[in-house]
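Residues per chain, in single letters:
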Amino acid sequence: MSSMVSKFKKIKDNLTSSPAYQAIIYGGNQIGLQLADQLTKLGRDVVIIDEDDRVLRQAQEKVDVMALAGSGVDIATLKQAGISKTKLMIAVSNNDEKNILTSIYANKLGVDEIVAKINDYHALNKSNSVFSENLGIDLIVNPCQIVVEQIKDLIRPTMKTEIESFVDGRVQLSEVMISHRSPFAFNHIAQIDLPPQTLIISLLRRNRLFIPHGEHKIYPGDTVYILGKKGFRAKLGQLLSKSQNNKEKIVLAGGSNINYQLAKVFKRNQAILSLIEEDEARCEELVEDLSDILILHGKPTNIDLLKEEGIDQADIFVAAGDKDEANLLSGLAAKKLGSKKVIAIVNSLEYSYFSEIVNVDTILSPQVLVLERILDFLHQGQVESESILNGQMRLVRVDVPKKFARKGMEIKDLNNSSDLIIGIVIRGKELIIPDGDLEFKEDDQLLIFTLSAKSDLQRDLFGNY
Amino acid sequence: MRLKIVFNMLGKLLIFVGLSMFLPLLVALYYREMDAVSFLVSMGLTVSIGKIMQRFSFSQQEIRHREGFAIVTLGWILISIFGSIPFMLSGVFDNFIDAFFESVSGFTTTGATVIMSLESLSHSILFWRSLSHWLGGMGIIVMSIAILPELAGSMQLFKAEVPGPVHDRLRPRIKETAKTLWVIYLLLTVSQIILLFVNDVPLFEAVIHSFGTVSTGGFSSRTLSVRAYDSLIIDGIMVFFMFLAGTNFTLHYQVLRGNIKALFNNKEFRFYVFLVTTAIILITINLRLQVYKTIVESIRYAAFQTLSIISTAGFATVNYDIWPPFSRGILLVLMFIGGSAGSTAGGIKVIRIYALMKKGFQELYKLIHPRAVTSLKIGNRAVSEEVSTSILGFFFLYIIVFVVAAITLTSFGIDIVSSISAVAATLGNIGPGLGLIGPLKTYVPLPITGKLLLSFCMLLGRLEIYTVLVFMLSGFWRK
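For the record, the sequence lines run as chains C and U. Sequence positions in the first sequence follow the working numbering and run 1 to 465. Sequence positions in the second sequence follow the working numbering and run 1001 to 1479.
Keep in mind that the hints were calculated from the coordinates and are not lab data. The beta carbon of each residue, even a glycine, is placed where N, CA and C say it ideally should be.
Pairs of lysine to aspartate or glutamate residues, derived as DMTMM-like cross-links and limited to a Cα-Cα distance of at most 25 Å, are as follows:
| no. | chain 1 | residue 1 | chain 2 | residue 2 |
| --- | --- | --- | --- | --- |
| 1 | U | 1159 | C | 52 |
| 2 | U | 1377 | C | 52 |
| 3 | U | 1359 | C | 52 |
Beyond 12 Å from chain C on every Cβ pair, some chain U residues (computed):
| no. | residue |
| --- | --- |
| 4 | 1003 |
| 5 | 1033 |
| 6 | 1270 |
| 7 | 1286 |
Could you put together the complete structure from these sequences and hints?
Laid out in structure tokens, this is it:
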């Protein structure tokens, strides 16, 4: 009987509930479809706009979305899609200019959140702020840029900046992976010479998160989470790269945009670079543009060429040609010939799941990365930043009791608890990342990072004040 | 084919139909009729069989194309079978085939009946007949999509049930679209009930006739159908609502949202209006000259009959079987055309006829300009090659089914006009035809096999042929 009642309730809810959150996706390509699928699962209404009728019909059958034939740069189409009640616009078509124009229209027509995919690397060189401030685009994803960043991370597993940000982005959390060569390794926390106004708030060791104290030691393999004010990462970066002096040999297969950017990122003094490209004209272009790099004319799948250039000595092999199959094949060959780390780039989504079949270290798909980046962005708004690091850590705001502040107490005078750490002290408009000697003042507000699920932190910290 | 999903869904549909029998049960209780028992029994039976089917076929898998077709076709057959149980139990019929025929005719909104005298029936049975119209009109599956959360995203099912060559969405989600359609449907029904009630039709009969009109079914509570009232106003109301029921529901939605311009910009609607007015004018002239003495009388009967046939409702205010051949001929043609796509009407649909016409002219044009590059356009929208081929295929299959069924009927010794009109009237979900099955007659004299054949035609017509025929292809069952 009760199951009947609950069933009726469900039906009633189903009839009365009406999702109001609408999203428009311009571009019915793989990324658009995947995004639509994810968004509908999140309970949002989705309208897909694309020029191609056939793509749309498939879309409509696969995903529960409305499909509109038309262009995103056509305002009539946008209106038909109900842009006035739309909160999210995602322009991921294959045309950069149209994506940008669609985003501008969406911004002017009052859409809250706008995401645009832009393929051209030059379009956003250092001018990201123009897009976000003047054109109202909240997130720009550039497949090439994301892939390059990802590869950089893979080659130099150092740190990820800005994995979380707090207080309107003025304070950021960075993730640093500790390797043997890292200057942090085998040091006590207290010994680490961090820049001022930074704080290690937690340490991840063997998948367990804990809050370290001065006497804890850092070991290779640990992941350290460092809190700092905006802009601190440059200092942190300097600190970390001090002892990086042995050069890696990197072989780039294919003269694509990705490899071109990679070649630019890794200067001569950091790595020994060689690039293999099939097309002679492209080779010449590259030679003119890039310096300090060995450009080889030949097929990346030519085993003789690979052997000749000492692939067995290579630390990293990046296969980023135009053809997915060739990338996988040359990656496989390089791995077999003794390259230490092999990264293959595939464009089509189907191949991105090949990593278990093909024996290369990493298969990266720009499409998947773009998708993940956009989804991350969307989730940001969804999950309140009260919990961070996949919900393992909680963020609590606590007011300092007046009586307590008047006494001129310092942070180290607080009841010491091992499962929380004071990350940020908000004093009026000023933000302080505190050390133990900070003296409390009246009307201070504390942002506390805690591992426990306890709610009554106030009492824990300040006792009976 | 994954039968488990299919059976699971069928179970759900049965429970649904079983629960809907609660309404006639209430009617029976209100009028203190014995038939309450038969409804109670059939409700229990339907719901429990549905439950059993669900219990033994739990599946979380997704519905794909094939399952969609299977669910819709089998679902409609099952619903019709279970819908006939109340007829059997209350003793309206003495054989199952008649009960099944009546039930199919109800759910497919055909309105062909095998009951001689409606006045002898109980209120609850009359109500159940009309309720089956109303449920079948917008589609039981569309309704379940709107109501059941599990079905939220099944475009496959939606497509297989909703008539028309292309499927517009009113809202981004299927569920919302289905809900909106039902709300419009409900609005139309309620407003007609009120209008009829205000004009001195008893509430019960107002409900029955509104169900029959808005769903374009045509079951009445009087043997004489709407003629029993013999009132110009009631005729007018019926004509108006039959016209609305034959219009695309997308247009209703747009008009309700204040976009009246959409009405005039819609090519299909314009063509529909054109067809209706031409037919009315031609029949009026013909009637005025040969049958009736006044122009008003001619227009009144012409308009009612024309809309009744083109919207595939199948009510009658006059025995049009005695009209001159020209008028009957026009009515027969209208039987094939039917209402607009996306309406509750049956038939080939106005938009298909329009597209076929354009396609035909295009071919002629190509003979003059062999190198011309053409594209089939309706309004400003180009009809893709795929859709236009599917329209051609549909037309061909419709005619083939029609021919085969009509020839089969003549083999039972039924005269040719009756056979042709019987098949046209069932395939187009209209109801009454000409000759033997004219507006004042019933399908009783047909042989049992004939009734089964026509029941099948009704299903074919309601589900637009493809859905049912693909189910009968051998390749469909292959793994």
